[in-house]
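2 protein chains.
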Amino acid sequence: MTAYKDRSREELLQEKSVLEEKFKEVKAKGLKLDMSRGKPSAAQLDLAMGMMDVLNSETDLKCSEGVDCRNYGVLDGIREAKELLADMTEVSPDNIIIYGNSSLNIMYDTVSRSMTHGVMGSTPWCKLEKVKFLCPVPGYDRHFTITEHFGIEMINIPMTPDGPDMDLVEKYVNNDPAVKGIWCVPKYSNPQGSTYSDETVRRFARLNPAAEDFRIYWDNAYGIHHLYDDKQDNLVEILMECKKEGHPDMVYKFCSTSKVSFPGSGVAAIGTSKANLEYIKKQMAMQTIGHDKLNQLRHVRFFKDIHGMVQHMRKHAEILRPKFETVLNCLKHELGGLEIGNWIEPRGGYFISFDALPGCAKDIVAKAKEAGLVMTGAGATFPYGKDPQDSNIRIAPSYPTPEELAIATDIFVLSVKLVSIDKILENK
Amino acid sequence: MTAYKDRSREELLQEKSVLEEKFKEVKAKGLKLDMSRGKPSAAQLDLAMGMMDVLNSETDLKCSEGVDCRNYGVLDGIREAKELLADMTEVSPDNIIIYGNSSLNIMYDTVSRSMTHGVMGSTPWCKLEKVKFLCPVPGYDRHFTITEHFGIEMINIPMTPDGPDMDLVEKYVNNDPAVKGIWCVPKYSNPQGSTYSDETVRRFARLNPAAEDFRIYWDNAYGIHHLYDDKQDNLVEILMECKKEGHPDMVYKFCSTSKVSFPGSGVAAIGTSKANLEYIKKQMAMQTIGHDKLNQLRHVRFFKDIHGMVQHMRKHAEILRPKFETVLNCLKHELGGLEIGNWIEPRGGYFISFDALPGCAKDIVAKAKEAGLVMTGAGATFPYGKDPQDSNIRIAPSYPTPEELAIATDIFVLSVKLVSIDKILENK
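These protein sequences, in sequence, are chains A and B. Letter by letter, the first sequence follows residues 1 to 428 of the numbering used here. Letter by letter, the second sequence follows residues 1 to 428 of the numbering used here.
Chain A with its partners taken away, still in its complex shape:
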């Protein structure tokens, strides 16, 4: 197909009128479609329905340590839940704390605690002139809203196919003591679906932070969320790498079962060094008497162990894979060769990242909405909601049914084409 930029004004106007006709048709259907959030579909949730049966009124509700999970006690998680989530995030059970239902909440609490109490004895961040976080972009909007909420200055770090631009990361972290953290989604990243290379992880572990209270916020949200059995990304385990490099306390790993069992009713955890854990537990002891042990037990009794969880994730993949392929095939078929957008074919995670022509993302999202398709807001993948290129759009294919998804992708592709033609015509 001839690239749009190489077509004449007349050819483009001709193409536009054909596309407008199609768009009118689909708009007339009055559809309501949603590709905005990384939300599992009902079919995926059905996979875990057995979890509703594993505990009943006849069940022994004591955990392996003999504690009655119905009562108070056990601040940092029952042993078997620690083992399961430690395996999930590839650390020792001695390096983990089990929290409530949300890893986002752990991240929020971690930043909040650093604001009021510092990190392992450092000055509370609220007493400092300036606190900065590095933000690989595009990235996860909810990370950025946490740091924005606390008045932390966010610095964009461009993502490469190997992860964040490590030259820049090293420059900032190793020289500026105001840089206290970096937000990372290291595997099947949000939104690119790409995985940090071995070299990137090792360069992270070798950082020499100017700030003693600098930490890597390693949100391994999609660690076991593969789409394929035969094509899987591998991520070097960072806690051990940091230990090897003499920086055992430099990383917080976050994970949860939100997209394994039930979003909102899963179990979340932090994995980090024992020194960090001890410091965190001191504060936790004031915050709560303990998290929901029955739900921890429910998860362990259902999945049994990491092998059970991995098998369960294969079932998720069977539902998700065709959805990703529907979108990717449509993008390839409809946009291939037009040179009006780039995208990455992910092997896992929840998203497809699409880069439109500069200055087109907002208009594309608005156009799609006209036809009843809600996308993630353009700019959401950047700190302060500002994409300097107005180019990135996050596609979330998980929630719609396959039929809805085919229509949704058609609308998206039509919107991309129409907005791109207008943009190119401006400069003809």
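If you're looking for bench data, these hints aren't it; they were derived computationally from the structure. Ideal Cβ positions, reconstructed from N, Cα and C, are used throughout, including at glycine. One thing to keep in mind: the hints can contain errors.
[Unchecked claim] Taking lysine-lysine and the BS3-like style, the derived pairs with C-alpha atoms no more than 30 Å apart in a straight line are:
1) B:Lys362 - A:Lys281
2) A:Lys386 - B:Lys282
3) A:Lys62 - B:Lys39
4) A:Lys127 - B:Lys130
5) B:Lys132 - A:Lys127
[Stated by the list, open to error] Here are a few chain B residues that sit away from chain A, every Cβ distance over 10 Å (derived from the structure):
6) Lys5
7) Ala210
8) Tyr228
9) Arg314
10) Glu334
11) Glu339
Chain B: place on chain A using the hints.
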């Protein structure tokens, strides 16, 4: 019985040697008993085992608003859970947010948010020279550790049979802009088991705080935790009183089902004005995508409504009442007339508050421990763990079995007698 203070030195020494013999006997048994925490017994937890069956793999898991409770969505609680907990805490469902499993966690988060972001636009407390909280004493240790953790200065306010000394409360709140809060357990208070009088609640509502961001932290932990059907305390509903007096935003009400269903696996809530709720929800939206809706649904399907919950609490009372009566009868029988201690006979809640002769509490708790009985640490009911009189001891009769409780109370009474005799002998 002749009061110890009126007995001769010889009579006291004679009594002491008899008591020491008894103490030796019980100590020889090598018992391990615990009256330290307000922890429900296994028999009480058994009452809610039906809750493990109400949701199963065949259940419709949509809430009344049609939302699939297994998925993301609904930040502030499903409608039917709001209705149940609103009834429990006597506010409108429009005045409530449902959180996770712990009201303590809500209180912690509320103080933490005020530190970093202030209250509805006020200066963040971490930017202030000095922040103070009023602490009715004796009170709940975990309240005091929260304020201590954030470096908030705590001011003791003596409790009277009608609640906190309101002359003092008014003096501080209405004149000192550094006073930002007061910790209250207004009904079946921890540890006294007494309830604020109507006049006390009205005086709270009529406060004219010097600080715009002053709030009453109303921890109604035992609102429906009656011991008797025929003798029940009544507490005036404070949110409405504050509204009537033109201070609609002045109170946060906290409640949870921790001692209704399962501690650690219950549902907690905050009830307050819509203006406060809006402010809180803005922050909540950054902290979490939502709490555990399945557990909210589980609670509503099990209790059905407030009537169901009240009936359920009658079953708790049937288990707790004889335990309280065992302790109270023993205190009356063994200590009555000796003038070595005072206590209140509560009609609800989880505790009996015992005031020993000044300077005796620590020694009594240590003595009891010698014989294998763990009590709440003396001083724990005061800010910074410092009881200026060294007099107050909190008795928690809920956890031991009735048989254990009879022995535990014997040990306690023996310890009180022995330590008191020594104290009186010092001055003879």
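**Prompt:** Any hints this thing doesn't respect? Which numbers, in order?
**Reply:** none
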